[in-house]
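> Same order as they appear, the protein sequences are chains C and Y. So the first sequence is numbered by the working numbering: it starts at 1 and just counts up by one. So the second sequence is numbered by the working numbering: it starts at 1 and just counts up by one.
It is possible that some hints are incorrect.
[As the list claims (entries may be wrong)] With a straight-line cut-off of 30 Å between C-alpha atoms, the simulated DSS-like cross-links for lysine-lysine are: (1) 56(C) <-> 483(Y); (2) 575(Y) <-> 13(C); (3) 113(C) <-> 132(Y); (4) 27(C) <-> 483(Y); (5) 575(Y) <-> 27(C).
[What the hints assert, rightly or not] Just a few of them, taken from the derived set where beta-carbon distance is under 7 Å, the chain Y residues facing chain C: (6) 168; (7) 169; (8) 171; (9) 172; (10) 173; (11) 174; (12) 183; (13) 184; (14) 185; (15) 578.
[Unchecked claim] Some chain Y residues well away from chain C (every beta-carbon gap over 10 Å; in silico): (16) 13; (17) 18; (18) 44; (19) 116; (20) 318; (21) 373; (22) 464.
It is worth saying that the hints were derived from the structure and are not from the lab. Ideal placement from N, C-alpha and C gives every residue a C-beta, glycine not left out.
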Amino acid sequence: MSEVFEFDKATEKLKLLDAFIETQPAKDEAVISVLHKAQSLFGYLPAELQLHVARKLDVPAAKVYGVVSFYSFFSQEKRGDFTVNICMGTACFVKGIDKVIAEFSNQLGIKNKETTADGLFTLNDVRCIGACGLAPVVMINDKVYGHVKAEDVGQIIMDCKEQKGV
Amino acid sequence: MLNITINGKAIQVPKGTTILQASREVNLKIPTLCHLNLKEFGIINQSASCRVCMVEVEGRAALVPSCSELCTEGMVIRTDTKRAIIARRTAVELLLSNHPFECLTCAKNLECDLQALAQELGIREIHYTGEKMNYPIDDSSYSLIKDPNKCIMCRRCETMCNVVQTCGILSAVNRGFDVIVGPAFHLDMVDTSCTFCGQCVAVCPTGALTEMNHTAKVWQALNNPKKHVVVQVAPAVRVAIGEMFDMDPGTITTGKLVSALRALDFDAIFDTDFGADLTIMEEASELIHRIQNGGRLPMLTSCCPAWVKFFEHQFPDLLDIPSTCKSPQIMLGSMIKTYYAEKIKKDPNDIVVVSVMPCLAKKAEAARPELTKDDNSDVDIVITTRELVQMLKIAGIDFAGLPNSDFDQLLGQSTGASVIFGTTGGVIEAAVRTAYEWITNETLEKVDFVQLRGLEGIRSATVNIGDMNLRIGIAHGLGNARKLLNDIRDGISQFDAIEIMACPGGCIGGGGQPYHHGDMEIIKKRQLAIYQEDQGKVLRKSHENPYIKQIYDEFLGEPNSHKAHELLHTHYVSKERI
Chain C
1 MSEVFEFDKA TEKLKLLDAF IETQPAKDEA VISVLHKAQS LFGYLPAELQ LHVARKLDVP
61 AAKVYGVVSF YSFFSQEKRG DFTVNICMGT ACFVKGIDKV IAEFSNQLGI KNKETTADGL
121 FTLNDVRCIG ACGLAPVVMI NDKVYGHVKA EDVGQIIMDC KEQKGV
Chain Y
1 MLNITINGKA IQVPKGTTIL QASREVNLKI PTLCHLNLKE FGIINQSASC RVCMVEVEGR
61 AALVPSCSEL CTEGMVIRTD TKRAIIARRT AVELLLSNHP FECLTCAKNL ECDLQALAQE
121 LGIREIHYTG EKMNYPIDDS SYSLIKDPNK CIMCRRCETM CNVVQTCGIL SAVNRGFDVI
181 VGPAFHLDMV DTSCTFCGQC VAVCPTGALT EMNHTAKVWQ ALNNPKKHVV VQVAPAVRVA
241 IGEMFDMDPG TITTGKLVSA LRALDFDAIF DTDFGADLTI MEEASELIHR IQNGGRLPML
301 TSCCPAWVKF FEHQFPDLLD IPSTCKSPQI MLGSMIKTYY AEKIKKDPND IVVVSVMPCL
361 AKKAEAARPE LTKDDNSDVD IVITTRELVQ MLKIAGIDFA GLPNSDFDQL LGQSTGASVI
421 FGTTGGVIEA AVRTAYEWIT NETLEKVDFV QLRGLEGIRS ATVNIGDMNL RIGIAHGLGN
481 ARKLLNDIRD GISQFDAIEI MACPGGCIGG GGQPYHHGDM EIIKKRQLAI YQEDQGKVLR
541 KSHENPYIKQ IYDEFLGEPN SHKAHELLHT HYVSKERI
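Start from the sequences, fold in the hints, and give me the full structure.
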């Protein structure tokens, strides 16, 4: 396995995850929601964490991996503090999201799926996030930015940095 | 009943009938590819992913896949319109558009369902050029080769692995054009909890999953004058191999098989059935010992290596339940390298034991480090029924025309009890025949325990032995085995002895057998042949085998003796589940 996941440093988060799993009524149907929870706790889904989820839910690891590798929202790589999810759905595409992602890429100095050297930003293109009325849409962690234009990108990045006090 | 019309013919079909099933009623053969329906085993792959069986339904704008679409009242279906036929041909052309055209050198050449379909539909030109896939080939295990580049995403292997065998190794991963079927985290098969049962190989329509071919090693051994090359053949091989020489399914070819092996110049030809008789001596003794001394019950059989690997991964807390007996092939290998080696005054290192098995798991079993003595494997090379056929064809041996001949002696005599090891229910029936006589000291007149036979996934029966009732459970298919094991773990199992075979049908349906192409009748005929072969034997109980008596008198002592334990028994290791 490529990622070594150090569980001993993650006990607290694991406890939270296991408690969440306990609340699931049908374990074999809970794969996606548990993976969402796991990603929100750990920031990404390394193989060991997927295996942990598979065993807790008693579903094959191959199935869990199948789900993780299917949905672009799930990440198996460690991410920056801010994941800049760029919606590549049809509506956003038509409204010029390509210029927005190019601007993020340019200003952050990284390509899609990469993380900045300071560990702050990860650029991530995703499939339609279902907010087509706000197209073009960018979602940074839990925050949704609607009607984003290339010239807004600089301010959005500044906002994030301010949040972190950088 | 529903009234429907297919191609102008009005018929009635029961509710729940698919269009494909209904079409068979009126002698139509809609081509299929991903579809697989082995009803008796509860194996149905209905992913409707290949779009080859498309038909037109009146009033519906789009074509429908006949394999999964259910008939409805008044449905009017046309299977032969220009639109449907063009759609089918397009589907096949698209599947071929990114397929590697290695057909002539592919292990599935002339056995490939995609190839057969292209021929059936008269595809002579492919109008699309697809981007070729370029995935690494997984040849990490001793048992099978996985080549995702030849995969057509029919999902049959996934159904077998997840629904039937409940191993959960294979799943579709990634998305869109990048989808492949494979293990979690792109692990190599050897690093997963795959049992190597080979049922994925048995149902793969193309060359995406095939056996690891070991025939080159056998040729090498046969051509090495310093090596004494001994071959053994499993019971299920003799009722299936004829199929690949245009003989009817269920033809018993034991005598021809021996002649064929002799023609290949093996130095000695022994019968795994002898190993099976030996297994019964040890296993029945172990069972009686456990019953009479308050040992752990139920006792589970341990002849099936896929089953052994399954419980090591899936039930590591129950490792004390299975019998400690090695499997028949390994027992026989062990006797060849010790008893037989002594008899013919050969160094075991100069003996090569080749097994012909209906099985892919037997390949991985032979490579297990604990099944060795002084660093010398009990069995050196395992080839499948299919691989033996390949060797015979290369050697130009006219199998069907061969005369019958007998196995070589010392380790070649066998009883009917050992023959039935080849089918589900056989091992436990063989054990009961011997246990009955040993417990009661009476002659068992009626040796056929028909209550233990059949093809139902989980069976149970109570056999009266003297004043005790032996409660027997039988499961074939690992999903069924899991159900029985869960009951044992939960303490609700009421059995004394349980037989488990990983493959549906037992070894007759093994992953190394001639491809059945979804035809259940073939497996049923193999089973009938197994019981016929048993019926035709003079000796029907393992302990009556004179050479078995001899090997205990001269070499092993008593069943379960110290020496027997050293050479014929093994231990299990708990393994990770992934």
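> Evaluate each hint against the coordinates.
Hint-by-hint comparison with the structure:
This hinted pair checks out: residue 56(C) and residue 483(Y) have alpha carbons roughly 20 Å apart, not beyond 30 Å. For the hint pairing residue 575(Y) with residue 13(C), the CA-to-CA distance comes to about 27 Å; that is within 30 Å, so the pair holds. Note on residue 113(C) and residue 132(Y): the hinted pairing holds, with a Cα-Cα distance of about 25 Å set against a maximum of 30 Å. For a cut-off of 30 Å, the pair hint linking residue 27(C) to residue 483(Y) stands: about 19 Å separates their Cα positions.
Straight-line distance between C-alpha atoms of residue 575(Y) and residue 27(C) comes to about 24 Å, which keeps the hinted pair within the 30 Å bound. Because the smallest distance between the Cβ of residue 168(Y) and any Cβ of chain C comes to about 2 Å, under 7 Å, the interface hint for this residue holds. For residue 169(Y), the shortest C-beta to C-beta distance to chain C is roughly 6 Å, which falls under 7 Å, so the interface hint holds. A distance limit of 7 Å between C-beta atoms decides the matter here; for residue 171(Y) the minimum to chain C is near 4 Å, and the interface restraint holds.
A distance limit of 7 Å between C-beta atoms decides the matter here; for residue 172(Y) the minimum to chain C is near 6 Å, and the interface restraint holds. Checking residue 173(Y) against chain C by beta carbon gives a least distance of about 5 Å; that is within 7 Å, so the hint holds. Contact between residue 174(Y) and chain C, as hinted, is supported at the beta carbon level, the nearest pair being about 5 Å apart and thus within 7 Å. A least Cβ separation of about 5 Å between residue 183(Y) and chain C falls short of the 7 Å threshold, and the interface hint therefore holds.
Taken as an interface hint, residue 184(Y) checks out: its beta carbon lies about 4 Å from the nearest beta carbon of chain C, inside 7 Å. The beta carbon of residue 185(Y) is positioned within 7 Å of a beta carbon in chain C (closest approach about 5 Å), and the interface hint is therefore held. The beta carbon of residue 578(Y) is positioned within 7 Å of a beta carbon in chain C (closest approach about 5 Å), and the interface hint is therefore held. Distance check for residue 13(Y) against chain C: the nearest CB is about 34 Å away, which clears 10 Å, and the non-interface claim stands.
The Cβ of residue 18(Y) lies farther than 10 Å from every Cβ of chain C, with a closest approach of about 27 Å, so its non-interface assignment holds. Against chain C, the non-interface label of residue 44(Y) holds: every CB pair exceeds 10 Å, the least being about 19 Å. Listed as a non-interface residue, residue 116(Y) keeps its Cβ farther than 10 Å from every Cβ of chain C; the least gap is roughly 30 Å. The Cβ of residue 318(Y) sits about 17 Å from the closest Cβ of chain C, beyond the 10 Å cut-off, so the non-interface label holds.
The Cβ of residue 373(Y) sits about 36 Å from the closest Cβ of chain C, beyond the 10 Å cut-off, so the non-interface label holds. Every C-beta of chain C lies more than 10 Å from that of residue 464(Y), the closest at about 39 Å, which supports listing it as non-interface.
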